[in-house]
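If you read the sequences in order, they're chains A and B.
Counting in my numbering, the first sequence runs from 44 upward without gaps.
Counting in my numbering, the second sequence runs from 10 upward without gaps.
The set of hints was computed from the structure by calculation and includes no laboratory data.
Among the hints, erroneous ones may be present.
In silico contact screen, one side only, chain B against chain A (beta carbon under 8 Å); selected entries [to be verified]:
no.: 1; residue: PHE30
no.: 2; residue: MET47
no.: 3; residue: ARG59
no.: 4; residue: PRO62
no.: 5; residue: GLY63
no.: 6; residue: THR64
no.: 7; residue: TYR66
no.: 8; residue: GLY67
no.: 9; residue: LYS70
no.: 10; residue: GLY74
no.: 11; residue: GLY76
no.: 12; residue: ARG94
no.: 13; residue: ARG95
Counterexamples of contact, computed for chain B against chain A with all Cβ distances above 10 Å [as the list claims (entries may be wrong)]:
no.: 14; residue: LEU19
no.: 15; residue: LEU23
no.: 16; residue: THR26
no.: 17; residue: LEU34
no.: 18; residue: LYS41
no.: 19; residue: ARG53
no.: 20; residue: PHE58
no.: 21; residue: ILE69
no.: 22; residue: ARG84
no.: 23; residue: GLU112
no.: 24; residue: ARG113
no.: 25; residue: LEU114
no.: 26; residue: LEU117
no.: 27; residue: ARG125
no.: 28; residue: PRO128
no.: 29; residue: GLN130
Cβ coordinates follow ideal geometry from the N, Cα and C atoms, glycine included.
Letter by letter, the chains look like this.
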Amino acid sequence: MDSRAKQPTRDAGVLSLSFCTGVYRCLLYAYPAEFREEYGHEMGQVFRERCRQAARGSESLFRLCFETARDLMRTAAREHAQLIARDLTYALRMLRKSPSSAMVIVLTLALGIGATSLVFSILNGVVLRPLPYSDSDRLVWLSGTNPTVGIADETVSLPDYKDWKQQSRSFESLAACANTLFTLTEKGEPDQLRIGLVDTDFFRVLRTRPLLGRTFLSAEMTPGKDRFVIVSYGLWKSRLGANAAILGTSLRLNGVLYQVVGVMPDSFRYPTEGQKDAWIPLAIAERGRRSDFLGVVGRLRPNVSVEQARTEMTGIAERLALTYPETNKNWRVLVTPLQERVVGPVRLALYVLNAAVGFLLLIACVNVANVLLAKAGVRFRELAIRTTLGARRRRLVRQLLVESLLLAVIGGTGGILIATVGVSALKWWNPENIPRLEAVTVEPRVLWFTLAVSVFTGLVFGLLPALRMTGSSLNDLLKKGGRGSGSPIHSGTARLLSAFELSLALVLLVGSMLLIRSFFELRSVEPGFRPDGVVTARFVLPRAQYPEADHATTFWDRLSSETSRLPGVDSVGLVTDVPFGGGGNYLSFEIQGRPSAGPDQASDAIVSAASPGYFAAMGIPLRQGRLFTRSDRKGTSEVVVVDQTFVDRYLKGEQPLGKRINTGSGWREVVGVVGAIKYESLDAPAYPHLYSPIEQIGPRSAWLVIRAGTDAQALAPAVRGIVRELDGHLPVRNLETMTHLLSASLSERRFNMLFLGAFAGLALILAAVGVYGVEAYCANQRIQELGVRLALGASERDVVRLVLGRSIKTFALSLVCGVIAAFFLTRVLESLLFGTKPADPWVFGAVVLLLSAVGLVAAWLPARRAARVDPVTVLTCE
Amino acid sequence: MTDDPSLESLDSYLPLTPAVFHILLALADEEKHGYAIMMEIEARSRGAFRMGPGTLYGSIKRMVGSGLIVESDWRPDPRLDDERRRYYRLTELGRRLAVAEAERLETLVQAARIKRLLPAQEAI
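Same shape as in the complex, but just chain B (with noise of 0.2 Å):
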């Protein structure tokens, strides 16, 4: 068990809006600025899933202020980017809920299989 009881009551913010979701997803690998998060999610499906500015945003400010994601302290060098766009990162409590989120779809989607609704997964 851990100190920190938000991480305890994981089940309180599932099911993730599909923003969320991806937002953490952006940033499960490494820290990026809000228009790299934007750009990853819209090539990962692929132009599917858009988000303007305000959903970005906005999601964000709520993310923060679940403790989410945080903003990160790391620049790049400043001849690379501008200095004043702000980075994020995930947070302990980030990263549990992305992994519990994911979780939460693979159980779906195996359901989806089982009742034949997706074809029956390849052996690797």
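So that you can see chain A by itself, here it is in the shape it has in the complex (with noise of 0.2 Å):
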């Protein structure tokens, strides 16, 4: 009865027995293979006897596995690390032996490797690093839109955006913004600010505290009660002192008092383009419903999606359309996330880079990996003797892809140091439109990235070359003749690869030269002005000292003749706003015995006012009538100037002199008409165009234009200083050249341009290298047949043609399969495009030519020197 009792137990203590042997054998084999196989047999034995003895009641079968598993992970972790170093020893080793090919690699890689790195970094601080808001996820941007009449994005008016924060649920809060500029006078040198206009709800939605006081309160939205200003930290930093006791002091904006509430802290953003110096509340009187100037800013409650803010918001502007059939028509409301709307514009372009340098780093991987097995020639003698001698397979293996690991580290340093260098000298240059650049930083998430690149890149050009390396032994060497150059590597393999670097080079090449022609077809476009040896600057004048239109047309008079008379200037002129200067003011307007365009109809126009001069001074010419006179004054008969776009587009097949025209203040003639201008940017249509006489408007904001023969900015003290005479406390901004103006309009097309040549640059000397280093590889490899040749009589020009036919074929396969890759691929950059398609033929065949001729140049080198070696040398050699 006793022993029968006991059998069950006795099973179930064998069966646990061979159950904990079982699976330490399996764990064994977290040790190295050579380990393993050289004691894993006697382990295995070790914890069984062990395992026996703890059945015996000796000790807890539980407590022997426990201290068994640690010791197994323990000593596993340093049979591994331990057989690292050796690896890591003799890698260094064998670098150290071939200092050049190892010093080409690391430089091919760290360039990949570095640029890699430095665009990831650009496109995770501008596009993938959230904005610096708590859940700025739940941001969005509102504004309107008219599909009707082809307005895609507009600013809100103040009765619009009033019904949306009164009607709309989605949100926890909207707040509404705009821009403009003050003088700041008393606190040193005048200067202009950038102010924000903002409402009580503004820092509430982006959820920001000030560093220092508070924001606004409900109370101080009402004009006249509107006098207090938050600064920013920059304008505290650098003008206030950096003081905690600037709050409760007045800083004079515009000639008024306005009282220091609060300072934001240096990490604070606006949200929209450009940052701000101040803010002040938003308090202004009710205006018409299309009297666009607000940005509207929401953040929507937890669990409301932006797709369900965009129906919300459309059932309101539906609503706002019936109610105000008039003003409301086809308007309806564009709800963006606030992240797609700050990087949206440069995501793309941002995008096509990060491609594009990847396609960079696989060249320059090919690139290692064609070193690579042109050295394998040499080290095939060596791993065949190791082989020969008992070295396992894996193990070689994994000593080569430790030495590929180990060069891929180094490059990735070395990549490290260029991506720092690189993100410094961006800022540097500082591109106009790339938002958020001050966020690119070279940041443990790239750090990351170019580990893992680094990683990736070691095994993807190690692997082949060690795999092709370590399949043969001594015997095949000796089969072979043992020659170093007889390693079983076909030259096939380092062909196929120099083709896939081809057609990735022949990728990246049509890519930057369609953005190269668009960059230089727009640089090309007519501005419809002359923008050389143009200066502009521009003059905000405060209301508290030009009270009255007359005194700012004062002002405007004298500014422009005492600037006319210094040296070597031609020309001047004043304009309310300067094309490329950034914004205009789009008004519509009526013609005289026509019915006025109803909500269905675009019938708007840039007005600006403008100086008798700003026509020479600006070299916009005259096409019909007459210009402005100096008595085209205030009292004298309204007049206005039309451009030829606003003609084409609304005055098409009538003669427009003497039409009568009202942009609101009033019905005007068209006395003139003059050529048409690019006003925002190069790429978009003239847009129409009408002028009024400055002096009959009397604006308090203009644009000085002069032009001058000498060196434009050469002039910027003299203008510094009449400006000093005339209004001591007015300050002179933006004194810019208007070629500057211009070529900043293009900043980002030449950032594109630049970054994406750069690469395809570097792309074809990499590949120029590849393919010379691969065709030398398979010349040499053929040099005894070529010897054998020679000594039969073969000329050096039939052994060129000979060693030549082959590179021809394998080009055109790359340059096929380039040109198929490119076709498809270019379509992507189809809106970054202007003035030339994906497929342009101009651009596809140059590249082809180009690399064709790269690609010959670098096969002819080593073809000619194969071809001139002495016979009876190689011959003897065997």
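Bring the two chains, given one by one in their own frames, into a single complex with the hints.
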């Protein structure tokens, strides 16, 4: 009875014993293969013995298993670490033996990885990183759109904004903001401040608390009670002495005292384009429903999607259209995630650059793989001997992978250096139109990315040569006569790799050539005026000092006459909005004798006020009638000059002179037609433009336009001197040459072009070096065959032709593949192009020619060298 | 002086890790296989020093590599033991090293006695 009871217990013991030893034998695979093969069997035996002992009750089986598992993990890691240390020491010795090829590999990788990390840093900082507000994914931008009249994205009027705010339920809160310029006086030199007009909820929506003080109160949103200002960290630091006692003191802005109530932190960024120096309450009187000037930012309630908010806002827009058909018919609301609004314009370009740099990295990897393959001829002998002496293939592959990983990590470190220098250089260059550039840093995420890229490249370029090199033994080597060049690495593999490289380079070159062509097409677009030799400066006259239009007119009059007396100045003009100066005044108008345009028709134009000298100073030609004269003053008959685009769009086939137009300030007679000009960008078609005489309008803000035969920039001190004499409190900002303004409008395209161009250039160099290396290697492999041919009477030319023949076939294949790939891939560039198409035959033709020439030269050099060998020397080597 | 240069630089091996010294001690009197080494160490330390198979064979591998022990050709009667078990014995270097380590420890123990950290040794 007793023995029967013990039987099941013993069975269970045997079962758990064999289970434990079975698991242990599996876990032994954690050790390096060499160690396992040497000691694994005995370790299993020892463990089984101990288990038996434990089963006899000498100790707890559980404790034994736990201790053994801990021991296994610790010692397996140690064995691996020792192996890697040994491999690394060996790898370092190998690198020291051939420093030049190691240098080539490290440099190639550093360039590839550095460029990749740099572009990824930009992409990460500009596009991927969330905006610097808490829960920024719930922030949206709201704007108006009217597809019927072709208005895609428009600011919002105050009454519409108030209705949205009152009727919507999707948002925790909505806030409005607008931009303006104020003059700061009394704190050092007068300066023009970029001011954000914001309502009470603005900082709450963005969830940003001031560094000092408070934000605005509702009571401060009333005209007359709005003399409060919150300053930016930058202004506080630079102009206000970074003193906490600034709170409660006053700043004189546009001649009026504003009490400082808060200082925003350094990290605070304005949600829309451009930074602000200070914020004041948005306290403005009611205006019309189509007086659009507000930007609206909203914070979605938790669990409300952008889609739900869109649906709700569409409903509200429809209701407003029914209630106010005159102004709101066909107007809809655009709800865009704020992140998309900020980075949307550059996202595509940055993704394209990222893809391009990925190609470059692949080319770099292929090149490195080719260098390693070429080295394989030498290493093959060593490895074959080691294999014959008993080294395992796995061990040799591991050894070779450690070597390539070491190279990759050194290259990666160089890459991080290149990326860091690149980011600093980019910030120094500071291309305009790239939002959030300040957020671009080589941060840990980028470092992880670089590490991953380095390890990946190390594996990619190391694995193929490693597998190739270790697949044979001394036997194979001896069969091939023991020649270093007789490795089993097929020249086909190397050729295939170089063909792949050429195809990649072709795609990159086509892409960059398309952008370069677009850039130059755009540069050659006639802006409609002559920018050379023109200097502009913007002035904003404070209402407190210039309460009446006459005061302003007098100032403008004196400014232009004083400036025109400066030596070297040909002509001087004034205009309210200079082309490419950032923004214009778009107004709707009526033409006498025609029914007023309904909400279904767009009839607006850019409306500027210009002085008589403006057209000459800017170089805008007169087409018909006359320009303004000094007699077009206040009190004389009110006149207007229109541009050719205006005539073509609104007065087609009619005599424009004598027509009467009203933009809301009374009827004006058209007295002249001037040439059309590009206004905001060179790639957009010209927009209708109306000019009124500046003296009949009396604006408080205008641009001085000077055409000078001398060096335009040299005028700056003289202009500053004149302004100081006329009004000591007036700052002079935006003193720019017109060519600079034009060039700044192309800065985003220039950025894309330069980056993609640089990558394509690098790709071309790498591909040329790669092709040369492979061809040299292949020619060397055939050197004895070629020697025999030469000895048998083949001419040098025959040999060159023989060697080149195969290369040409490879080139043709790679070019065809590259052209097909480029044909499809360049389509994503379509929206970045101007004046050309993704499948531009000229660009494709030029790139194919260039690559063919580069490839042929790179292949011809080694072929010629091979053809000049001395057959006797080669054959005696045998 | 010996011809073997490795014997001249015994100091560079010292101090030994506990695992290595224990293994050298276990092999001082006779040749043993891994399991026997492990058992002896455990018995000698009254269970205080327990070695897993990984530590044991990792140490053996390094000691063979450094020439402190070698695999012995001696095998017991196959009926008494598994023939696939390998036996190890001390080399001359291993033995000298074990002595050097023991002397080093003895000096330390004596210092501890002088400082009365340990009771004075009774005369035999």
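Quick rundown of the hints versus the structure:
1. This hint is violated: PHE30/B has a C-beta 18 Å from the nearest C-beta of chain A, more than the 8 Å allowed.
2. Proximity of MET47/B to chain A holds as hinted, the smallest CB-CB distance being about 6 Å (cut-off 8 Å).
3. With its C-beta approaching chain A no nearer than about 7 Å, ARG59/B sits inside the 8 Å limit, and its interface hint holds.
4. A distance limit of 8 Å between C-beta atoms decides the matter here; for PRO62/B the minimum to chain A is near 4 Å, and the interface restraint holds.
5. Below 8 Å, beta-carbon pairs count as interface contacts, and GLY63/B has one with chain A at about 3 Å; its hint therefore holds.
6. Hint status for THR64/B relative to chain A: holds, with the closest Cβ pair at about 6 Å, below 8 Å.
7. Against a cut-off of 8 Å between C-beta atoms, the interface hint on TYR66/B holds, since the closest Cβ of chain A lies about 4 Å away.
8. Taking 8 Å as the C-beta cut-off, the interface hint given for GLY67/B holds, the closest approach to chain A being about 5 Å.
9. For LYS70/B, the interface hint holds, the least distance from its beta-carbon to any beta-carbon of chain A being 7 Å, beneath 8 Å.
10. A cut of 8 Å between beta carbons decides the hint on GLY74/B: the least distance to chain A is about 10 Å, and the hint is violated.
11. Because the smallest distance between the Cβ of GLY76/B and any Cβ of chain A comes to about 17 Å, over 8 Å, the interface hint for this residue is violated.
12. Because the closest C-beta pair between ARG94/B and chain A is about 7 Å apart, less than 8 Å, the hint holds.
13. For the restraint placing ARG95/B at the interface with chain A, the shortest Cβ-Cβ distance is roughly 7 Å, inside the 8 Å limit, so the hint holds.
14. Under the 10 Å C-beta cut-off, the non-interface status given to LEU19/B relative to chain A holds; the minimum distance is some 23 Å.
15. With a cut of 10 Å on Cβ distances, LEU23/B stays outside the contact zone with chain A, its closest approach being about 21 Å.
16. Taking the minimum C-beta to C-beta distance to chain A, about 12 Å, the non-interface status of THR26/B holds against the 10 Å cut.
17. Once the 10 Å rule is applied to beta carbons, LEU34/B is consistent with being away from chain A; the minimum gap is 18 Å.
18. With a least CB separation of 12 Å from chain A, LYS41/B remains clear of the 10 Å interface cut-off, as annotated.
19. Here ARG53/B stays apart from chain A, with its beta-carbon at least about 16 Å from theirs, past the 10 Å limit.
20. Distance to chain A confirms PHE58/B as a non-interface residue, since its nearest Cβ pair spans about 12 Å, more than 10 Å.
21. Distance to chain A contradicts ILE69/B as a non-interface residue, since its nearest Cβ pair spans about 7 Å, not more than 10 Å.
22. Even its closest Cβ contact with chain A, about 14 Å, leaves ARG84/B beyond 10 Å, as expected for a residue assigned away from the interface.
23. No beta-carbon of chain A is positioned within 10 Å of the beta-carbon of GLU112/B; the least distance is around 29 Å.
24. The Cβ of ARG113/B sits about 25 Å from the closest Cβ of chain A, beyond the 10 Å cut-off, so the non-interface label holds.
25. With a minimum CB-CB distance of about 25 Å to chain A, LEU114/B clears the 10 Å threshold, and the non-interface call stands.
26. A cut-off of 10 Å between C-beta atoms confirms that LEU117/B is not in contact with chain A; the least separation is 28 Å.
27. No Cβ of chain A comes within 10 Å of the Cβ of ARG125/B; the nearest lies about 37 Å off, and the non-interface call holds.
28. The beta carbon of PRO128/B sits about 33 Å from the closest Cβ of chain A, which is more than 10 Å, so the claim that it is off the interface holds.
29. At the 10 Å boundary, the C-beta of GLN130/B stays outside the reach of chain A, the nearest C-beta of that chain being 34 Å off.
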